[in-house]
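Engineer: Below, each chain spelled out in residue letters.
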Amino acid sequence: MAGTALDENPVTEPPSQPPVRVERTRRVITEDPSTADKNFNRITMASGISVLLLLVLVGVFLMIQSGEALSETGILRFLTRTEWRTDVQPARIGVLGLLTGTVLVALVAVVIAVPFSVFCALAITEYSTAKRRKWLVGVVDLLAAVPSLLFGLWGFLYLSDKIVPISRWLSQNLGFIPLFKTESDASLTGSIFIAGIVVALMVLPIITSVVREVFSQTPPGEKEAALALGGTRWGMIRAVVFPFGKGGIIGGSMLGLGRALGETIAVALLLPQVPQKIGESIHILQNGGATVSGFIANRAGADSFTTSGLLAAGLVLFVITLGTNMIASVVVSKSRSGAGVDI
Amino acid sequence: MTDIQTNDVDEDDIIDTPEQAASVSNAMSSKVEIIGGPPVGASTLEARDACAWFGERLVLEGVNLTMPKGKVTALIGPSGCGKSTFLRLLNRMHELIPGAALDGEIRLDGEDIYATGTRAQQIRMRIGMVFQKPNPFPAMSIQENVLAGLKLARLKCDDKDLLVEQSLIRAGLWKEVRDRLDSPGGALSGGQQQRLCIARSLAVHPNVLLMDEPCSALDPTSTRRVEETIDELRDVVTVVIVTHNMQQAQRVSDFCAFFLAEENQPGFVVEHGATDYIFSTPKDSRTLDYVQGRFG
Ligand SMILES: Nc1ncnc2c1ncn2[C@@H]1O[C@H](COP(=O)(O)OP(=O)(O)OP(=O)(O)O)[C@@H](O)[C@H]1O
Ligand SMILES: [Mg+2]
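As you go down the protein sequences, you meet chains A and B in turn. For the first sequence, my numbering gives the first residue as 1, with consecutive numbering after it. For the second sequence, my numbering gives the first residue as 1001, with consecutive numbering after it.
Fair warning: there could be bad hints in the mix.
What the hints assert, rightly or not - Listed below are the simulated BS3-like cross-link pairs for lysine-lysine, each with C-alpha atoms no more than 27 Å apart in a straight line:
(1) B/Lys1133 with A/Lys334
(2) B/Lys1133 with A/Lys246
(3) B/Lys1133 with B/Lys1175
(4) B/Lys1283 with B/Lys1071
(5) A/Lys246 with B/Lys1151
Derived from the structure by calculation, the hints contain no laboratory data.
Make a model of the complete structure from these sequences and hints.
Structural biologist: Now the structure itself:
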């Protein structure tokens, strides 16, 4: 049937599929990089590995140093006990009370910082002229460069008193939520809520910068499509920018959470560093609470058993922070928007 | 995205059962009302001495052009002569670019769309736009994509399912996607995506539809589909299409405007008129040279 057509065809190539299957040799081909490429590859590999090595070293150091406290207390008991008493024999130490405070402070910080960061990022990417954008990015970066000690001092000396009325208002109006309840005679300074606000200020720049980076990669075509359909800017943001940046917002928040978990000094100054007891209800608005890092900063330099116990607490914080950051980077890189973003 | 489906099914290959065919003609016969949407029917669009700047640079000067109601007007001309800029002047997308400026008037049914107190959103709702690169919302389903305009412009509609069906039928995509309206809009072939974008624009019942090289990223089959769609849209909406394909301009348009920009000079309209006339006996020799492929 194709015979006549083939005769007219001036191209005389053999048919691409031979009638009989022949044995073929499989030739593996690989890229042959230049010397410069190879060297560059080595350097990047080396620096990558050294960072990883550092991480492992820190982990190993913490494990060895915390050995004394952990073996005496038992790992499980250390993880589940809320008390921290070195004045009795044998000492009764545990990390759970500290961990509760840490997580609460971090959560308060993230809950406050994320909406702020998202609006900040939108102000920069969607609502600014080129000039104002540059300016705002500079301010946010500058904020990130402020040492956290200063935030802590400022929170301790100035902000604390200013937040007390807010705390009072919250406890009076939202006191039916158990977390917001306060005891009648409790002082409202030095609370987890205030510490959370200070930490929120510290993590705001990092979250803003991740979210901004992600937002700025929103495909312009989709944005134009939304506007061309008669959408307002805010409508366009909801239809296009938010769905696109979802992964970045989640990842950025978790990254901020990781930071917030570890922020030391501010919280050391602000909180009385009394570990939360299990069974007692949690009051985030009133004086009380302790965090792992704050506790370590406050107690450092004590006898060797206490130091070992503190480092064991540090090890727990290390693992949790590492885990949070790892999940954050996976979330960001898995999302459509995060593919090109480094965090 | 891993599940991109690239096999573009030719719609003619899908055989309708009699019931399906009946339901299609049924769907097109009933009217869907969009509350708060544009006035019903096609509109006339006129440019009067329109000029456009990017920053200090004048890129378009003194364009007078009438795009009659219910007709297809093609804009042709060499690259960089200001066709896209002119098109974006027509639905106020030009002002999204920092430093953009204009002079003159663009009249939609006689009223200047840049008059003070006129909102850009209101105008864009009445004058839809299809872009060169298909840009469906990838996170939304096909159905949500079609209805996106309603949501964005905060419009209500009495029968959303029917509106989706009608819009997709008009865009020539219904038969290919009717069984998977819930699958993501990004999981369509390029040609299907472009028709989805057309359906999305049509769903708000615009008076005018602007198309900037809608077929330049498409294969011949999809291109033919889009051209058929444009042909069927005649009378329903006014179409303004930018194209580099002379055959396409000849096939789809009733009127044709030839844009040109001399080196480092702003673009202008050399000549415009009925398509037959522009392609056979234009007054200006540059027009004839261009349409016969001698430059540009
Ligand atoms: N965002 C912008 N900023 C500055 N100048 C621009 C911008 N967009 C376009 N121009 C300039 O305006 C002129 C007209 O561009 P326009 O995109 O309208 O041309 P066009 O006719 O659509 O070309 P093409 O056929 O290649 O799409 C060009 O000289 C271009 O360099
Ligand atoms: Mg163009």
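Engineer: Taking the hints in turn, state whether each one holds.
Structural biologist: Results for each hint:
| no. | hint | verdict |
| --- | --- | --- |
| 1 | B/Lys1133 with A/Lys334 | 25 Å, holds |
| 2 | B/Lys1133 with A/Lys246 | 24 Å, holds |
| 3 | B/Lys1133 with B/Lys1175 | 23 Å, holds |
| 4 | B/Lys1283 with B/Lys1071 | 23 Å, holds |
| 5 | A/Lys246 with B/Lys1151 | 20 Å, holds |
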